[in-house]
Amino acid sequence: MTAGLYVHVPFCLTRCGYCDFNAYAGLDHLASRYVGALLSEARLAAPGWKDEDVASVFLGGGTPTTLEVADLKALLAHLRQTFAVDSHAEVTIEANPDTVDTAKLAGLLESGYTRLSMGAQSFDRAVLAVLERIHDPTSVRRAMSAAREAGYANVNLDLIYGADGETVGSWERTLREAIELAPEHVSAYALTIEPSTPLGRKVSRGAVPAPDPDVQADMFELACELLAAAGYRHYEVSNWAKPGFKCVHNLGYWERRPYLGLGAGAHSYRDDRRWWNVRPPEEYLSTVESGRLPVGGEERLEPSDAYLEEVFLRLRILEGVPSSWVEPGRSEPFVESGLLRDEDGALVPTERGMLVLNELVLGLVE
Amino acid sequence: MTDLSRIRNFCIVAHIDHGKSTLADRLLELTHAVADRDMRDQYLDKMDLERERGITIKAQAVRLAYGELELNLIDTPGHVDFTYEVSRSLAACEGAVLLVDAVQGIEAQTLANFHLARDAGLAIVPVLNKIDLPQADVDETRRELAELVDVPLEEVLAVSGKTGEGVTELLERIMAQVPPPTGDRNAPLRALIFDSSFDPYRGVVAYVRVVDGALGARSRVHFMATGLDSETEEPGVFAPEPSPVTALEAGEVGYLVTGLKDVHQVKVGDTITSAGKGRATEPLPGYREPLPMVWSGLFPAEGGDYSELREALDRLKLNDAALAYEPETSQALGFGFRCGFLGLLHMDIVKERLEREFGLELIATAPNVEFHIVRGDQTSVVHNPSEMPQPGTYDHVEEPMVLATIITPSEYLGAIFELCQARRGELLDMKYLSPERAEVHYHLPLAEIIFDFFNQLKSRTRGYASLDYEPTGYEQSDLVRVDVLLHGDPVDAFSSVVHRDKAQQYGRQMVERLRELIPRQLFDVAIQASIGSRIVARETVKAKRKDVLAKCYGGDITRKRKLLETQKKGKERMRRVGRVDVPQEAFIAALRVDEKAEAKR
Numbered sequence: 001m002t003a004g005l006y007v008h009v010p011f012c013l014t015r016c017g018y019c020d021f022n023a024y025a026g027l028d029h030l031a032s033r034y035v036g037a038l039l040s041e042a043r044l045a046a047p048g049w050k051d052e053d054v055a056s057v058f059l060g061g062g063t064p065t066t067l068e069v070a071d072l073k074a075l076l077a078h079l080r081q082t083f084a085v086d087s088h089a090e091v092t093i094e095a096n097p098d099t100v101d102t103a104k105l106a107g108l109l110e111s112g113y114t115r116l117s118m119g120a121q122s123f124d125r126a127v128l129a130v131l132e133r134i135h136d137p138t139s140v141r142r143a144m145s146a147a148r149e150a151g152y153a154n155v156n157l158d159l160i161y162g163a164d165g166e167t168v169g170s171w172e173r174t175l176r177e178a179i180e181l182a183p184e185h186v187s188a189y190a191l192t193i194e195p196s197t198p199l200g201r202k203v204s205r206g207a208v209p210a211p212d213p214d215v216q217a218d219m220f221e222l223a224c225e226l227l228a229a230a231g232y233r234h235y236e237v238s239n240w241a242k243p244g245f246k247c248v249h250n251l252g253y254w255e256r257r258p259y260l261g262l263g264a265g266a267h268s269y270r271d272d273r274r275w276w277n278v279r280p281p282e283e284y285l286s287t288v289e290s291g292r293l294p295v296g297g298e299e300r301l302e303p304s305d306a307y308l309e310e311v312f313l314r315l316r317i318l319e320g321v322p323s324s325w326v327e328p329g330r331s332e333p334f335v336e337s338g339l340l341r342d343e344d345g346a347l348v349p350t351e352r353g354m355l356v357l358n359e360l361v362l363g364l365v366e
Numbered sequence: 001m002t003d004l005s006r007i008r009n010f011c012i013v014a015h016i017d018h019g020k021s022t023l024a025d026r027l028l029e030l031t032h033a034v035a036d037r038d039m040r041d042q043y044l045d046k047m048d049l050e051r052e053r054g055i056t057i058k059a060q061a062v063r064l065a066y067g068e069l070e071l072n073l074i075d076t077p078g079h080v081d082f083t084y085e086v087s088r089s090l091a092a093c094e095g096a097v098l099l100v101d102a103v104q105g106i107e108a109q110t111l112a113n114f115h116l117a118r119d120a121g122l123a124i125v126p127v128l129n130k131i132d133l134p135q136a137d138v139d140e141t142r143r144e145l146a147e148l149v150d151v152p153l154e155e156v157l158a159v160s161g162k163t164g165e166g167v168t169e170l171l172e173r174i175m176a177q178v179p180p181p182t183g184d185r186n187a188p189l190r191a192l193i194f195d196s197s198f199d200p201y202r203g204v205v206a207y208v209r210v211v212d213g214a215l216g217a218r219s220r221v222h223f224m225a226t227g228l229d230s231e232t233e234e235p236g237v238f239a240p241e242p243s244p245v246t247a248l249e250a251g252e253v254g255y256l257v258t259g260l261k262d263v264h265q266v267k268v269g270d271t272i273t274s275a276g277k278g279r280a281t282e283p284l285p286g287y288r289e290p291l292p293m294v295w296s297g298l299f300p301a302e303g304g305d306y307s308e309l310r311e312a313l314d315r316l317k318l319n320d321a322a323l324a325y326e327p328e329t330s331q332a333l334g335f336g337f338r339c340g341f342l343g344l345l346h347m348d349i350v351k352e353r354l355e356r357e358f359g360l361e362l363i364a365t366a367p368n369v370e371f372h373i374v375r376g377d378q379t380s381v382v383h384n385p386s387e388m389p390q391p392g393t394y395d396h397v398e399e400p401m402v403l404a405t406i407i408t409p410s411e412y413l414g415a416i417f418e419l420c421q422a423r424r425g426e427l428l429d430m431k432y433l434s435p436e437r438a439e440v441h442y443h444l445p446l447a448e449i450i451f452d453f454f455n456q457l458k459s460r461t462r463g464y465a466s467l468d469y470e471p472t473g474y475e476q477s478d479l480v481r482v483d484v485l486l487h488g489d490p491v492d493a494f495s496s497v498v499h500r501d502k503a504q505q506y507g508r509q510m511v512e513r514l515r516e517l518i519p520r521q522l523f524d525v526a527i528q529a530s531i532g533s534r535i536v537a538r539e540t541v542k543a544k545r546k547d548v549l550a551k552c553y554g555g556d557i558t559r560k561r562k563l564l565e566t567q568k569k570g571k572e573r574m575r576r577v578g579r580v581d582v583p584q585e586a587f588i589a590a591l592r593v594d595e596k597a598e599a600k601r
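Chains as they are written, first to last, in my numbering: chain A, 1 to 366; chain B, 1 to 601.
Don't read these hints as lab results, they were simulated from the structure.
It is possible that some hints are incorrect.
[Unchecked claim] The list that follows gives simulated cross-link-like pairs (lysine-lysine, DSSO-like), each with its CA atoms no further than 30 Å apart:
id : chain 1 : residue 1 : chain 2 : residue 2
1  : B       : Lys277    : B       : Lys351
2  : A       : Lys202    : B       : Lys458
3  : B       : Lys571    : A       : Lys246
4  : A       : Lys202    : B       : Lys562
[Said to hold, decoys possible] What the simulated footprint calls covered on chain A by chain B, stretch by stretch (three residues with Cβ under 8 Å from a Cβ of chain B suffice, anywhere in the stretch; the number is not a length):
id : stretch
5  : 39-52
6  : 305-318
Every residue, glycine too, gets a C-beta built ideally from N, C-alpha and C.
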């Protein structure tokens with residue numbers, strides 16, 4: 001079984017109102033110390049992971065492209081030295097359209113970051129404003145052509161739908177624009193309101209309406225339709241890819257393969273144990289700099305936990321759950337109502353089924 | 001033993017909040033019954049619940065020494081639900097202080113209590129209270145009260161329970177005006193039980209008025225209504241804390257540790273006599289079995305708590321002979337009990353005690369009255385709407401009626417007529433107590449009274465109107481059962497018996513409410529109201545289309561699993577009706593009788 005490496009970069013130019021990731025604006029001065037700490041953490045963690053065959057590396061955040069190309073290059077080189085990273089491994093870096101230009105992108109590609117994941121979110125200015133994204137739609141187009149110019153042949157666009165004020169019509173324009181730019185991969189997420197975010201607080205005090213789940217369902221169905229027509233294959237609830245461009249790294253999470261997370265707040269998983277690093281960057285830095293692994297917590301999965309995860313993750317990636325796992329009588333109502341289909345003994349959600357996946361999981365699992 | 005001529009047994013009767021407990025506190029102080037350092041407000045209202053609600057639900061007797069006199073103050077419940085208990089307490093007295101708040105004036109329960117006391121043949125001492133308040137209208141209230149009791153104005157005393165003003169005069173008046181008890185101390189024992197309570201260590205304690213003979217410790221006694229015998233453990237008096245005495249003699253009031261362990265064996269209104277030779281042949285008059293007037297299904301929110309609910313009801317019943325219950329199985333709510341109460345207040349108190357003292361979480365169905373189903377010369381009794389037979393299988397239905405007395409400032413008469421009209425009331429008569437205040441009598445179905453009538457009355461009269469009612473028997477009525485169906489399956493807990501004219505409106509209201517309360521499912525859920533096989537209202541809860549977390553990467557999986565587990569627990573707490581999952585909250589909210597529901601009527 002192959003493993004994945006995840007590296008978390010917690011720096012952003014600004015915080016977006018909807019985002020609850022472990023990310024901070026105004027900590028850029030810590031950047032070079034942070035890169036140093038990542039290298040140290042990799043060394044500290046390596047003994048247990050040396051023998052894992054690493055098939056993917058993923059730099060997420062935050063905004064990894066806030067780091068200098070030189071640092072990013074050194075980081076990847078170090079990871080390749082420390083771990084058994086496959087020479088054809090998928091190496092992804094997340095980018096904010098405003099933090100990249102052709103030169104920087106060329107540098108990244110040359111450093112070995114062969115897959116680019118760009119946070120486009122929307123091509124509707126009003127939607128970007130609600131999300132408090134600083135870029136505007138033209139910078140996505142510009143960044144995309146810069147990526148192509150730099151030689152990128154594997155690019156993902158992230159989209160978010162269902163923000164306040166977005167109509168199905170506006171979402172359709174965003175989808176068509178995205179398709180027009182012809183990325184190899186599209187992630188389309190229904191906006192989720194997290195209570196701990198500025199947007200979450202606005203919703204809870206009634207200043208902004210919560211997304212209408214029926215409208216988001218319409219938007220999901222539209223995404224399924226337009227992306228399929230444009231040649232993208234739907235392979236996870238929120239992910240579509242041209243043939244051959246599924247994200248190897250993310251599939252690792254869904255297929256419950258081991259992964260090692262480096263950086264503040266990063267999660268790791270292996271052998272039914274999941275653990276995570278301390279979240280505040282300062283604490284992360286001081287712990288690693290004093291030569292200790294910055295683990296902040298862990299959980300051991302009971303067989304029932306592991307089973308529940310296996311079921312919902314298999315349903316998410318359309319792998320399906322073997323019908324032999326499910327008690328007789330539990331799946332039939334879903335099959336009859338068109339939420340699941342039985343594909344040679346595997347229960348696979350339909351598009352409508354994917355939208356109510358939680359219900360499917362609860363209905364199938366005792 | 002106190003000479004009969006030196007005993008005075010009396011009670012204070014008043015409308016709720018007219019200051020009875022505060023006046024009792026002053027009497028305790030003036031007679032030095034309680035040391036100053038032990039005094040606390042509303043001393044006699046021992047139970048927490050009573051003190052918080054500001055009402056007295058348990059009658060209690062306290063002995064006060066006043067000069068040469070032994071005064072027994074019998075505290076009576078002040079609410080319409082407890083009329084029978086009040087009547088038994090009155091039967092233990094020779095006199096009643098009729099207390100009226102000089103700010104509020106005469107109210108409905110003033111009248112009800114006055115009539116009860118007069119019918120019991122008691123000497124009545126009319127007293128105005130709260131004369132210390134600047135808003136008190138002493139002259140006008142005195143005039144009303146003098147007219148009611150039919151005495152000259154100067155015979156109406158004016159006191160302040162708060163400051164103690166006039167309370168000494170009141171004691172003098174009680175001494176002079178309340179006759180001493182009569183009774184034959186050599187005759188066979190007859191003692192009236194006017195209340196009882198359960199003490200976990202000592203068993204059932206009866207509150208008694210000895211009418212004839214004497215009641216001593218360690219004597220064999222016989223309970224005439226229940227037919228039981230026991231050996232008494234301890235007679236005593238409340239002074240105001242319990243103090244044993246060698247015997248309670250004719251004319252005296254006190255308590256008796258009965259030696260029995262089950263409160264059902266010691267019934268309010270029963271007569272205690274000696275066991276064996278020398279027993280009395282005639283019981284004291286007036287005993288009746290307590291009759292529940294209002295019924296409601298109580299179900300544990302957690303199905304597993306059924307046996308705890310049973311135990312809690314058994315325990316409450318130890319102290320509450322009027323509480324009735326029988327097991328009930330609801331398709332929707334599972335195992336529970338159909339419980340009978342004296343009235344709505346009684347129901348609220350029982351429910352609150354079950355939740356507070358026993359830590360139970362309950363779902364209560366909407367309260368209903370007891371219906372009589374008449375087939376030929378056969379009458380069957382139904383106290384659960386879901387047991388009401390389908391139309392065509394009986395000749396007619398009868399429902400309990402009441403005579404309601406409402407006293408109100410006259411400016412609200414219009415609002416009251418409107419309310420009573422809407423509640424199928426028939427105006428019997430009306431008279432002005434003064435140019436500003438009127439007394440109205442209505443003939444009303446009890447079912448209408450128990451459905452939020454009191455709250456409505458209060459809100460439409462800014463709290464000024466007061467209500468009392470007494471049952472007047474059953475009358476034929478055009479009642480129908482309205483059922484509520486979820487996805488085609490009837491939900492027994494939502495069935496209700498209502499008048500035909502209001503059935504459709506009721507059905508519409510329930511269906512609209514449920515549409516708000518039932519969460520979306522994976523399929524459209526039809527919510528229908530039906531009368532027999534006819535659908536009278538329909539709403540649909542549209543199928544849920546989206547219930548999935550958008551993002552699920554390395555750091556999200558644990559959180560996602562926990563969310564699913566939470567969602568699963570939520571589902572497990574739901575009740576499944578056919579294929580439809582209904583949360584507890586929906587049952588509680590849909591069945592709540594409140595102003596919001598009323599506003600829609």
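Now the hints, each set against the structure:
Annotation: proposed proximity of B:Lys277 to B:Lys351 is violated, straight-line Cα distance about 45 Å (limit 30 Å). Straight-line distance between C-alpha atoms of A:Lys202 and B:Lys458 comes to about 39 Å, which puts the hinted pair past the 30 Å bound. For the suggested pair B:Lys571 and A:Lys246, the alpha carbons sit about 35 Å apart, so the restraint of at most 30 Å is broken. Taken as a hint, the A:Lys202 and B:Lys562 pair is honoured in the structure, with Cα atoms around 25 Å apart against an allowance of 30 Å.
For the stretch 39-52 of chain A, the assignment as covered by chain B is violated, since 0 residues bring a beta-carbon within under 8 Å of that chain's beta-carbons and 3 are needed. Counting residues of the stretch 305-318 of chain A whose C-beta sits closer than 8 Å to any C-beta of chain B gives 6, which meets the bar of three, so the coverage hint holds.
Figure legend: structure checked against the earlier numbered hints; hints not met, in rising order: 1, 2, 3 and 5.
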